[in-house]
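Engineer: Read off the chains here:
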Amino acid sequence: MIGQTVWTAVKVALALGFGMNMAGLLAWLERKQSAISQDRIGANRAAILGVSAWGLFNQIADALKGLTKENWVPPQGRPRLHALAPAISLGFSLFCLSALPFGGVVHVAGRLWSLQPLESSFGLPLVLCFLSLGVHGVVMAGYASGSNYGLLGGLRAAAQMISYEVCLAVSLAGCAFIYGTLDLQQAVLWQGRLLGGWLPAWGIVVQPAAFLLFLAAGAAVTKRAPFDVPEGESEIVGYFVEYSGMKFLMFLITDFIESIVIAGLIVTLFLGGWQIPWVTLTGALGGVLMLAAFSAKLLLVLLLLMQIRWTLPRFRFDQVLDLGWKNILPLAMLNFIVTVWGVLLWRLR
Amino acid sequence: MAATVATVRRPERTLATRIYLIEVFRGLVVTTRHLLVNLYRHARRALGLGGPAGAVTIQYPEDPARLGARARTRHRLLKRDDGSPRCTACLLCETICPARCIRITAEDSPVEVVEKRAKTFQIDLGLCVFCGYCAEACPVDAIHMDANKVELSTYTRADLIWDMAELMDDKPKRPSLPSLHP
Ligand code: SF4
Ligand code: SF4
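Respectively, the protein sequence lines represent chains X and D.
Under my numbering, the residue at position 298 of the first sequence is numbered 298, and the numbers go up by one with no gaps.
Under my numbering, the residue at position 44 of the second sequence is numbered 44, and the numbers go up by one with no gaps.
So that you can see chain D by itself, here it is in the shape it has in the complex:
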């Protein structure tokens, strides 16, 4: 992609802007316009007349979080067409991970085409910085960060460690309930 350079022209400091009073007034016009327009929109909606919303706020816990199309969220381990995990336990992701939060143990693979496969695969989301390097490094496209789940909080640190079955959505994650004696 060719780089595009946008030249921003600095506004000039004329006598009128240096006096500042006119600028204050212009600023007031802008904020007051927003105030009145939004008040009108709020009032219309409160009366059930519809129309555009008076605010861009997302009322998060009630409304779902809106994620960008390329947002990096919780990891997902992908499977081949026959249902076996894609991961070949090459440990590239474990090596590149800056937070050192991936733990993999390997075992021999029963199929001929691949040499090894992961026996256990753990990611400690409490340490993960969601940099995306693991997904970037994987040579066989086995790990993605597109589960689109951002509500990951738990009551204990141990619950933040996800194992292979959980990362492949084979087993639902069941975090423990709050307890008085952690």
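Just chain X, with the same shape it has in the complex:
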């Protein structure tokens, strides 16, 4: 029992470390990928002893700068809420991260080791709930700033995130129905089977429409371009206008962690999770391969999300809401209905 608790704690700590480092790496990736797709070089000036490592050290410079900058709270703001808001945003997104199945269950040294940090039989709704709880941090940030621009940004963010949470959940309903479970680990195991003896039954094969809908809704929930209306860099109506230093960076890190969570959900539910098709993974080596496969797929999805972010122009706010309520949500519902009837007719066959 104690051993189990310690193991869970270790796994959660590792998952959080993975998330935070991944966020730093994503910041680098974002800079470099955008730069190279736009025929630029990208940040390359921060160097340690003359070595700049393709701009990798810029992230360290950013963190140091964030830590040493003035921690400023607007005089008309609410200092305690102001400090609490980024912590809430970051905390909830980190929780989601530790509920993802990074690997399956492996049998090593006479024991079963589960590689999913937080195991839960209703992991899917849990992740979605905690993802949407993050909106509290965002609204709180706008409210605690005591600035109208911050408040407007917070309200926009709330409207956008809540609209797309609905789309997110509805687009996943079909998957949950097919897999017959809300447990993320079980969902991955279901995708291990082969259709017709050769095609892996990944979610993207059995639910292609849901994949596209979830991708769009997921990009919107992470509040990143083309859905970055809440940040509103160009018109400066963002929920974090009144934030500086590390608190501001925490919101940025939250966006990156949320991207990782969305990418992780895509991998888990649509790309077969940690499974490698046609290969059975067992033992310690299997565990390592599971983690490697999950990370590789995660990185691919993140690259795709990043490329989308640097391809599309930003939507207007009304377009954002139109897309969510008038297009993605009805399509997701339609997809769910078709899925239910399809599965029913398949069973009655």
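Source of the hints: derived by calculation from the structure; they are not laboratory data.
Careful, some of the hints might be misleading.
[As the list claims (entries may be wrong)] Using C-beta positions, here's what the derived DEER-type ranges look like:
(1) X/P125 to D/A65: 55 to 61 Å
(2) X/R45 to D/T154: 20 to 26 Å
(3) D/P98 to X/L303: 30 to 36 Å
(4) X/L199 to D/Y20: 26 to 32 Å
(5) D/G68 to X/G91: 51 to 57 Å
Glycine included, C-beta positions come from ideal geometry on N, C-alpha and C.
Using the hints provided, position chain D with the ligands relative to the given structure of chain X.
Structural biologist: Just chain D with the ligands now, with coordinates in the frame of chain X:
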């Protein structure tokens, strides 16, 4: 020069573009192509194989700034063939200057052909907006903005004031060193 009118045809909004998914995909193809091509070029250059550059970036302080052929840069006062300044102290440039950053005092000219000449001529580059009106206004073509120097920053405002000898390249500009007590 006759004006040419180019009519740009607006792309039509067909059902395919309104669905947007195909357009997203086409956009992704463009950005990804740039990404891959540039990555390949960067890799080739890193391996010493040469080929076109993967980026158009000018690494400015190391590489010199590239100025356009008609760029307006620091002023230059021109001389006649005999080495005397061309300026006749007509004050047209001082008058037209919107930033009022030119200060000229005149004196009698020793040569017969011109009446006056500049005794002192100062331009405060800290105020100058580099509009080029002074060069445009000068009736005797005495002032140009083609020194092609853009690195003009100094540690004090006073150092931004250039005098006549400095503008004629007779005397090099020596800005003061940084000090703790400006
Ligand atoms: S460039 Fe314009 S602002 Fe500068 S000195 Fe000439 S007239 Fe004045
Ligand atoms: S307009 Fe030309 S000639 Fe007249 S004062 Fe200025 S520089 Fe001298």
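Engineer: Now tell me if each hint is right for this structure.
Structural biologist: Hints, verified against the model:
1. X/P125 to D/A65: 55 to 61 Å: 58 Å, holds
2. X/R45 to D/T154: 20 to 26 Å: For D/T154 against X/R45, whose Cβ atoms are near 24 Å apart, the range 20 to 26 Å holds.
3. D/P98 to X/L303: 30 to 36 Å: 51 Å, violated
4. X/L199 to D/Y20: 26 to 32 Å: For X/L199 and D/Y20 the Cβ distance comes to about 29 Å; the hint holds.
5. D/G68 to X/G91: 51 to 57 Å: Hint holds: Cβ distance 52 Å, inside 51 to 57 Å.
Hint compliance for this structure: hint 3 alone is broken.
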